[in-house]
Amino acid sequence: MSEKVLMKGNEAIAEAAILAGCRHYFGYPITPQTEIAAYMAKRMPKIGGTFLQAESEIAAINMVYGVSAAGKRVMTSSSSPGISLKGEGISYLAGADLPALVVNVQRGGPGLGGIQPSQSDYFQATRGGGHGDYHMIVLAPASVQEMAEFTVRGFELADQYRMTAMILADGTMGQMMEPVSLDLHVAPMPEKPWATTGTRMQRPHNIVNSLYLVPEVLERSNFERYERYRTVEENETMYESYRMEDAEICIAAFGIAARVSKNAINAARAEGIRVGMIRPQTLWPFPSAPFRAAADRVRCMISVELSMGQMIEDVRLAAECRVPVYLCNRVGGMIPEPEQILAAIREAAKTGGNKQ
Amino acid sequence: MSTTQFLFSGFGGQGILFAGKFMVYKGMMEGRQVSWLPSYGPEMRGGTASCSVIVGDEPVGSPIVTHPDVLVAMNLPSFDRYEPAVVPGGMVFLDSTLIGRAPARSDVTVYAVPATQMASDNGIPTLANMIIVGKILRVLGQDGKADVEAALKKVISAKHADMLDANLRALQLGANA
Amino acid sequence: MIVFQKPKSLADVPLHYCPGCTHGIVHRLVAEVIDELGIEGRTIGIAPVGCSVMAYDYFNCDMIEAAHGRAPAVATGVKRADPEHHIVFTYQGDGDLASIGMAETVHAAARNENITVIFINNAIYGMTGGQMAPTSLPGQVTQTSPYGRDVKQCGYPVKVCEMLAELEGPEYLERVTVNSVKNVKNAKKAIKKAFQNQLDGKGFSLVEVLSSCPTNWGMTPQKALQWIDEKMIPYYPLGVYKDRSAGTEVSK
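Going line by line, the protein sequences match chains A, B and C. Counting from 1, position 288 in the first sequence corresponds to residue 301 in this note's numbering; the numbering is continuous, with no gaps. Counting from 1, position 11 in the second sequence corresponds to residue 96 in this note's numbering; the numbering is continuous, with no gaps. Counting from 1, position 43 in the third sequence corresponds to residue 123 in this note's numbering; the numbering is continuous, with no gaps.
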């Protein structure tokens with residue numbers, strides 16, 4: 014294993030992207046993800062890459078669309094309000110089946126909101142965010158190491174399935190420093206025979222397009238896309254199971270909420286409460302199977318979120334009403350303290366569910 | 086102590102984040118589990134600045150320090166804000182040049198160092214932060230010179246490499262304060 | 081001897097444009113230029129949203145369909161993906177380029193992005209059925225200005241070449257039209273120059289083509305061509321607005 018370096022989460026994303034072969038970055042300044050742009054601005058010119066500060070988030074995502082159409086690895090990053098602006102472009106990327114990596118270092122909303130950490134773009138990310146039927150692959154890192162690894166994974170998955178992959182982080186993950194190993198394995202980029210790189214007069218012209226005026230054809234393109242999504246669901250779901258072996262209470266949390274939950278779980282375990290956690294690493298596809306399996310064993314679940322309760326809907330769907338699912342949350346840039354989660358665990362241990 | 090949670094606090098420009106980074110590098114180079122989390126946003130631009138630092142032997146859970154084992158307070162607003170949060174039996178290192186009042190807590194050990202005055206007197210006015218850090222290392226018995234110098238080299242950017250000696254001197258001043 | 085044939089880079093398919101519409105002429109001019117410069121194999125065209133939305137079916141080079149107004153941003157990405165090899169053009173109407181995509185247009189010009197922009201100005205939204213465009217003339221009757229464009233209520237038309245000429249960025253800006261043989265020849269010269277500039281690495285080159293929309297203007301094709309002479313050219317004078325390499329900053 015290579016030597017570990019100390020890096021901010023945002024910087025780890027930028028460096029991992031470069032290691033993954035990304036040579037094109039487009040963005041527009043917004044807190045708390047600006048380190049990514051700053052890092053790219055410094056590095057890209059030195060390695061023959063392109064860093065371009067676009068006139069808007071809208072322009073940035075469409076520049077991404079152009080580079081992706083030309084068959085190259087490309088990314089943009091932003092924070093919540095900026096991601097809303099990119100929604101149009103992300104829908105077009107989906108419609109044209111173009112791969113791309115989009116990073117959302119979330120902040121509190123709605124509207125201009127605040128600049129402190131949040132997870133309230135869960136719905137936007139996991140349901141697509143823009144118009145039309147589509148999904149993004151949504152990766153939720155909970156450490157600086159995962160910020161780096163999921164960035165590489167994001168590019169690979171995006172290319173493999175011709176989809177947008179999103180890193181759904183938050184201000185804490187972006188700003189915190191941890192030791193990280195950048196000894197990352199990068200799979201070779203697949204051939205892209207569909208790319209618009211000029212015919213060189215050797216093949217019929219390629220068209221990158223999301224317009225289908227014949228409904229039967231548009232329907233077929235949607236059906237085919239969702240066939241591909243099914244393969245993603247079957248093969249690419251990732252999660253971490255933490256102290257679930259004998260758990261009676263199951264915490265559901267991702268990103269920073271999962272980090273804080275670990276403290277609370279260990280404190281509760283010290284009190285003799287058998288609690289564990291399922292931490293989704295992919296939010297789409299959502300790891301429904303482990304939650305469904307846990308629902309047969311635990312008394313109740315607690316969804317710990319930095320939102321008004323968004324992921325809890327997926328947890329409830331996965332649990333199929335077999336156990337109650339409670340919400341433990343802070344919003345607006347606030348982060349639950351371990352004590353708040355511990356209190357929720359104690360309460361659940363006392364009154365939650367009736368299985369046994 | 087298997088895990089130590091530090092909270093460094095003061096105002097922007099005092100090198101709060103730098104002091105925290107030094108502790109993290111030092112911990113990492115000793116093979117320990119570490120995390121560093123700054124306050125960010127407008128706070129960085131002249132208001133209060135703080136950073137959470139965790140150094141331990143277990144993987145770090147939450148990187149947010151709300152109840153520090155060790156509080157560093159380099160101005161009065163920070164001391165007022167974070168003094169009540171220190172765990173009972175914890176330690177407080179404060180810059181007594183800028184903090185006039187006596188501690189309210191009696192269940193914590195307070196080390197008052199006139200760091201800003203000392204820094205000014207010794208011609209290193211920007212290094213009050215590292216004078217405090219020097220005191221911390223001495224109190225925690227962690228001022229072995231090799232690690233300290235190696236960590237400093239990591240945290241001092243190439244642009245300011247000439248500041249290494251001054252930083253070492255600041256640590257020494259703090260250790261003996 | 082062949083005296084007339086389809087340009088090779090124009091696909092052999094029926095165009096969907098209305099009778100008398102000048103899109104067909106401009107498509108042909110672009111294709112002729114691509115043929116003459118021998119660049120079909122390295123050209124990537126960006127189609128807009130508007131009447132020419134399906135231009136991706138009409139050119140034999142690689143084509144990309146962009147979101148409404150975003151063609152210059154998409155072109156920026158494609159160009160920068162391989163600046164040495166890719167020749168990139170956008171083909172955009174007035175709503176696309178001068179209304180919803182104004183920011184992308186202005187900033188691509190300001191960056192002197194090395195792309196070619198073909199701008200079709202027919203003073204109306206054609207595809208959606210004849211609404212007021214950013215370039216509709218004062219007093220012009222459209223579906224959404226049924227009493228004539230009232231400049232007090234909805235402001236004045238945008239003069240794109242004049243506006244962009246104020247920027248330091250762009251290399252070449254010219255306004256042409258295609259309502260007569262002479263004007264068609266001139267238009268082709270301008271379009272060729274706009275592509276040649278890109279080959280020479282000179283930067284952002286935009287050709288504004290005053291075009292007709294007989295259907296939505298409610299005129300015969302012939303009358304529509306006259307209307308360009310009588311109404312549009314007086315408001316949008318033809319000419320070179322900027323040609324940096326030739327030392328022409330503004331020649332109104």
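It is possible that part of the hints are untrue.
What the hints assert, rightly or not - Calculated cross-link-like contacts (lysine to any residue; reagent style SDA-like; alpha-carbon spacing at most 25 angstroms):
hint, chain 1, residue 1, chain 2, residue 2
1, C, Lys265, C, Val231
2, C, Lys239, C, Val320
3, C, Lys282, A, Gly62
4, A, Lys17, B, Pro162
5, C, Lys272, C, Gly228
6, B, Lys239, A, Ser194
7, A, Lys55, B, Ser124
8, A, Lys205, A, Ser194
9, A, Lys59, B, Ser124
Keep in mind that the hints were calculated from the coordinates and are not lab data.
Hint check results:
{"no.": "1", "hint": "Lys265(C) - Val231(C)", "verdict": "34 angstroms, violated"}
{"no.": "2", "hint": "Lys239(C) - Val320(C)", "verdict": "13 angstroms, holds"}
{"no.": "3", "hint": "Lys282(C) - Gly62(A)", "verdict": "21 angstroms, holds"}
{"no.": "4", "hint": "Lys17(A) - Pro162(B)", "verdict": "36 angstroms, violated"}
{"no.": "5", "hint": "Lys272(C) - Gly228(C)", "verdict": "37 angstroms, violated"}
{"no.": "6", "hint": "Lys239(B) - Ser194(A)", "verdict": "16 angstroms, holds"}
{"no.": "7", "hint": "Lys55(A) - Ser124(B)", "verdict": "24 angstroms, holds"}
{"no.": "8", "hint": "Lys205(A) - Ser194(A)", "verdict": "30 angstroms, violated"}
{"no.": "9", "hint": "Lys59(A) - Ser124(B)", "verdict": "31 angstroms, violated"}
This entry does not satisfy hints 1, 4, 5, 8, 9, going by the numbered hints stated previously.
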